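Model the placement of chain B on the given structure of chain A, informed by the hints.
2 protein chains.
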Amino acid sequence: MRLGSIEAGGTKFILAITDEHYRILKRQRVATTKPNETLEACVSFFKKNPVDALGIGSFGPADIKVDSPTYGQILNTPKAGWSHTDVVQMLRAALKIPITFTTDVNASAYGEYMIGQGQAVRSLVYFTIGTGIGGVIQDNHFIGGMSHLEMGHTMVIPISGDNFKGVCPYHQNRCFEGMASGPAIEARTGKPGEQLKRTNEVFKLISYYIAQLVFDAYLNFMPERIVIGGSVVSETELPVIRRDVEQLNNNYVELPNLDHLIVLTGIANNGSATIGNVALAKNLIF
Amino acid sequence: MRLGSIEAGGTKFILAITDEHYRILKRQRVATTKPNETLEACVSFFKKNPVDALGIGSFGPADIKVDSPTYGQILNTPKAGWSHTDVVQMLRAALKIPITFTTDVNASAYGEYMIGQGQAVRSLVYFTIGTGIGGVIQDNHFIGGMSHLEMGHTMVIPISGDNFKGVCPYHQNRCFEGMASGPAIEARTGKPGEQLKRTNEVFKLISYYIAQLVFDAYLNFMPERIVIGGSVVSETELPVIRRDVEQLNNNYVELPNLDHLIVLTGIANNGSATIGNVALAKNLIF
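Chain order of the listed sequences is A and B.
For the working numbering, count along the first sequence from 1 and bump the result up by 1.
For the working numbering, count along the second sequence from 1 and bump the result up by 1.
In short, the hints are calculated from the structure, not lab data.
Since the structure is predicted, the reported quantities are computational estimates derived from the model, not experimental observations.
Each hint should be verified, as a subset may be incorrect.
What the hints assert, rightly or not - Taking lysine-lysine and the DSS-like style, the derived pairs with C-alpha atoms no more than 30 Å apart in a straight line are:
hint, chain 1, residue 1, chain 2, residue 2
1, B, K35, A, K166
2, B, K35, B, K49
3, A, K35, A, K49
4, A, K49, A, K198
5, A, K205, B, K27
6, A, K35, A, K80
7, A, K166, B, K166
8, B, K166, B, K80
9, A, K49, A, K80
Just chain A, with the same shape it has in the complex:
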């Protein structure tokens, strides 16, 4: 059996083929240019490397509700030319194989659930810090059905003394994205998080807002694992986040061992989405 993955991002598409054990046999990167161009490169790749089923994890906004009339399409996006591109229809017509379509974040969450940090757990929350967007899986099902959650816009309480106005155009300093997303870090420091020294004071603030997101997720979902993805958080911040979660809880609920609860991704090289895509695709043919 061969399984295919398309990680459809705004700047590049990552195509991959795995066997039924999710071992990667081939990977290719395609630039995100015009929809026809990029999707034809995908078709050409999967015609040369046939797969039995294909999973797509897409940048958004994308319609991932299977019973929606516009399922499988990119919705209104600032990305020139891509609004209303019917990704699934185009690929299905050309490849004639079963295809799953979800968000990149859901795909990553599912990859972690299947073989990353989710092994032996029944429920997992995944956040890609940078945007704060999360996906939640319990007993092999996405919370919220196949629609995507908006946890990045749930409320955070500004730290006393943090007078940053927030970058969220909707919720200003009242939501996670406003205060601690990638753009928020850049607005606070003038640099993307990846380029900052780990000793930068901003990471203390960011860690505290992440802790709020994580603690509320714990209370809301009681998951067995909370996986933090993306490139903002490193091993350096994890102990701070765990300590802040303990402080926020203030001995209220009995927390599990936070070293096991709150972890970074278990799949190396940003590979969570690829694994999630092929695992979701595999579900279609089993």
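Frame of chain A, contents of chain B only:
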């Protein structure tokens, strides 16, 4: 078929029998006194009125995790004599029928999901305002497994000008229970919410905190229905809560019709838990 329900509260136990269509055939109230006394009254009732399966929705803290060694027990409770009472074991030994055991809130959530406001929806969030405690069901499964969520302690942002210190001993003015629970209302006004005039200004504050709870629940679970139970919120507050949710969203996500999303319980006379209990019990024998 006959199904039984025990709504085990701190001051009274409500016993009920229904047919397989959840029609109530008999109800009886038993005072919560000593565990043996109260549970023997339950046994006596269900011996006189035999049922094929029994559902219990209990006051907490209670161990509702079926794979836990203390499953079915009341845990450490200030309620004299009740700590470590093994409710399920005692009733199962006496009645020899299948028994389900969950929290009163989960039972109410399930009742609403099955025949209350949940008809024709796949996912439902239920809050009992008063405590803010919530239960969430998606596709017939509780989120968090059978363990109970702690949504009442998720964060709220104090309204500018609301200097109330909060009654939560753990989170002060940072969580819903601290700011808008039954005890918070009483601490704010000197009276229980039920005794206040609906025109009391405090309901504006409370409605705003409920709106925060509801809006975050929407972003976290993307449910089709959010049911508000308990005696604090009435039809008077609903439009205010809906308006506040719209303001909090500030046109970010596309909200469904809030008149359908945010509703009061659909089962009259506080009957949600009874229906939930018998519906959960019925699952055991089908």
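The hints, checked one at a time:
1. B:K35 / A:K166: 56 Å, violated
2. B:K35 / B:K49: The hint holds at about 21 Å.
3. A:K35 / A:K49: Holds, at about 21 Å.
4. A:K49 / A:K198: 44 Å, violated
5. A:K205 / B:K27: Measuring from Cα to Cα gives roughly 59 Å; hence the hint is violated.
6. A:K35 / A:K80: Satisfied, since the Cα-Cα distance of roughly 10 Å is no more than 30 Å.
7. A:K166 / B:K166: The hint holds at about 24 Å.
8. B:K166 / B:K80: Roughly 27 Å between the alpha carbons, so the hint for B:K166 and B:K80 holds.
9. A:K49 / A:K80: Between A:K49 and A:K80 the Cα gap is close to 28 Å, so the pair holds against 30 Å.
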